[in-house]
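Chemist: The primary structure of each chain is shown beneath.
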Amino acid sequence: MDAPHSMGTTIIGMEYAEGVILGADSRTTTGLYVANRASDKITQLTDNVYVCRSGSAADSQVVSDYVRYFLNQHTIQIGKAASVKTAATLVRELSYQNKSFLETGLIVAGWDTHEGGSVYGVPLGGTMLRLPFATGGSGCSYLYGFLDQAWQPNMSREDAEKLVVKAIALAIARDGASGGVVRTINVNAYGVERNFYAGDQLPLFYDELAPRPTLIHF
Amino acid sequence: MSTIGTGYDLSVTTFSPDGRVFQIEYATKAVDNSGTVIGVRCKDGVVLGVEKLISSKMLLEGSNRRIHAINRHAGMALAGLAADGRQIVTRARTEAANYLSFYGEDVPIKELSNRVAHYSHLCTLYWWLRPFGSSSIIGGYDMDGPQLYTIDPSGVAYRYYGAAIGKGRQAAKTEIEKLRLAQMTCREGVMAVAKIIYGVHDEAKDKSFELEMSWVCDESNREHQRIPTDLLMEAKAMARDAQEDDLDAF
Numbered sequence: 001m002d003a004p005h006s007m008g009t010t011i012i013g014m015e016y017a018e019g020v021i022l023g024a025d026s027r028t029t030t031g032l033y034v035a036n037r038a039s040d041k042i043t044q045l046t047d048n049v050y051v052c053r054s055g056s057a058a059d060s061q062v063v064s065d066y067v068r069y070f071l072n073q074h075t076i077q078i079g080k081a082a083s084v085k086t087a088a089t090l091v092r093e094l095s096y097q098n099k100s101f102l103e104t105g106l107i108v109a110g111w112d113t114h115e116g117g118s119v120y121g122v123p124l125g126g127t128m129l130r131l132p133f134a135t136g137g138s139g140c141s142y143l144y145g146f147l148d149q150a151w152q153p154n155m156s157r158e159d160a161e162k163l164v165v166k167a168i169a170l171a172i173a174r175d176g177a178s179g180g181v182v183r184t185i186n187v188n189a190y191g192v193e194r195n196f197y198a199g200d201q202l203p204l205f206y207d208e209l210a211p212r213p214t215l216i217h218f
Numbered sequence: 001m002s003t004i005g006t007g008y009d010l011s012v013t014t015f016s017p018d019g020r021v022f023q024i025e026y027a028t029k030a031v032d033n034s035g036t037v038i039g040v041r042c043k044d045g046v047v048l049g050v051e052k053l054i055s056s057k058m059l060l061e062g063s064n065r066r067i068h069a070i071n072r073h074a075g076m077a078l079a080g081l082a083a084d085g086r087q088i089v090t091r092a093r094t095e096a097a098n099y100l101s102f103y104g105e106d107v108p109i110k111e112l113s114n115r116v117a118h119y120s121h122l123c124t125l126y127w128w129l130r131p132f133g134s135s136s137i138i139g140g141y142d143m144d145g146p147q148l149y150t151i152d153p154s155g156v157a158y159r160y161y162g163a164a165i166g167k168g169r170q171a172a173k174t175e176i177e178k179l180r181l182a183q184m185t186c187r188e189g190v191m192a193v194a195k196i197i198y199g200v201h202d203e204a205k206d207k208s209f210e211l212e213m214s215w216v217c218d219e220s221n222r223e224h225q226r227i228p229t230d231l232l233m234e235a236k237a238m239a240r241d242a243q244e245d246d247l248d249a250f
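If you read the sequences in order, they're chains A and B. Going by UniProt numbering, 105 is the number at position 105 of the first sequence; the sequence numbering is gapless. Going by UniProt numbering, 23 is the number at position 23 of the second sequence; the sequence numbering is gapless.
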């Protein structure tokens, strides 16, 4: 009952033609109890960089808070927006130096003037790897093969968003620790846009029941 | 301009009644008495040049370098006390390395200059430290293009199109102002810098000097490096000829 809040989670970061899409499910659990069924696992670090959080909810929040604090000062100091690489490096530094205390996998993604859209995976031990797409959380195990086949470089915004939503829906279908709604964030040169997909807007797959109208009428 | 700050100039932590810190001004004098150092920012990079006064014929050519690399993309030319300058270079190198380690990217030149300035300024705040008797000119190329900064003993960093410090700075500044830097390439800048340094060198007062130059530009792949030998030879020859032409004019 007093098990630590864990974000079972499925998180994704994906590059497309003009920027990046970040996506996540919304289930936070304490043991088997769903503590929050509509959490927001995508957190802002700067105007142009966001991070998807997985693993321990507390650890990932604290790391994000520290990095946001550093980046805020850094942005003022250098007089321009921080790059995604810098944000990811700071996340990595905290993850690596405190690896024995932390249990959090993060995906840092955003848009900057020099690299355009970029996605960096920073998993448990504090590795940092730039990737065209990255997945994390307990649900990501079910997505490797799917994304290997489905991801293409230079997708359009719509295609990339659809792919992210589909992938998270697939993971939610198979991973008990992931569920709820799907939240996405799109970051590109023009700005940031949030999207929300409730259960009924998610695609259904093999063996899932389509929602049926109620049999009871008043 | 010679002023004596009687009584108010014994410590860097003492202001004079007219708001000056004399110790810092005296430190600047050490810079003013050293060989000229100039830097110019051309359209595709930065060129640094130093009038390295040779105190003894026994010195090996190319020793006692006055221009140092800070990281791949930035170099620093020094005037004033050599040992103080060496300390500043070491600090700048550490700052650049730490920034890269912490933020994952090369330090922006502006940030590097601010840190060096901060360090220089630090030494003007405590009575048990003395100010650095050394000014530096930083030339670098980062994501915002080529940039040129000077840092003086008071701990101020200024960004310039063209800068000169040391003995011949007044004459050098006059010459630099005549140049159309925004239209010049670094190749042309190298020639101009060599000419200026040969021009401001005082044959009567100082025996001989060695010209030391470096650049960081598109041609050098945005890396700070010494001017390629052939170009340096050409620049020196042209500068020497220009001097003789000027003498002939009399």
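Simulated from the structure, these hints should not be mistaken for laboratory data. These numbers come from a predicted model, not from an experiment. Any given hint might turn out to be false.
[Unchecked claim] With a straight-line Cα cutoff of 25 Å, these simulated DMTMM-like cross-link-like pairs (lysine to aspartate or glutamate) come out:
| id | chain 1 | residue 1 | chain 2 | residue 2 |
| --- | --- | --- | --- | --- |
| 1 | A | Lys80 | B | Asp142 |
| 2 | A | Lys80 | B | Glu111 |
| 3 | B | Lys57 | B | Glu223 |
| 4 | B | Lys43 | A | Glu161 |
| 5 | B | Lys57 | B | Glu111 |
| 6 | A | Lys80 | B | Glu244 |
| 7 | A | Lys80 | B | Asp106 |
[Claimed, not checked] Over 10 Å on every C-beta distance to chain A, these chain B residues come out as not near it, computed from the model:
| id | residue |
| --- | --- |
| 8 | Leu122 |
| 9 | Arg130 |
| 10 | Glu177 |
| 11 | Arg222 |
Quick reminder that beta carbons are idealized off the backbone N, C-alpha and C, glycines included.
Chemist: Could you run down the list of hints and mark each one as holding or not?
Modeler: Checked hints:
no. : hint                    : verdict
1   : Lys80(A) with Asp142(B) : 14 Å, holds
2   : Lys80(A) with Glu111(B) : 12 Å, holds
3   : Lys57(B) with Glu223(B) : 33 Å, violated
4   : Lys43(B) with Glu161(A) : 43 Å, violated
5   : Lys57(B) with Glu111(B) : 40 Å, violated
6   : Lys80(A) with Glu244(B) : 49 Å, violated
7   : Lys80(A) with Asp106(B) : 15 Å, holds
8   : Leu122                  : 17 Å, holds
9   : Arg130                  : 28 Å, holds
10  : Glu177                  : 28 Å, holds
11  : Arg222                  : 14 Å, holds
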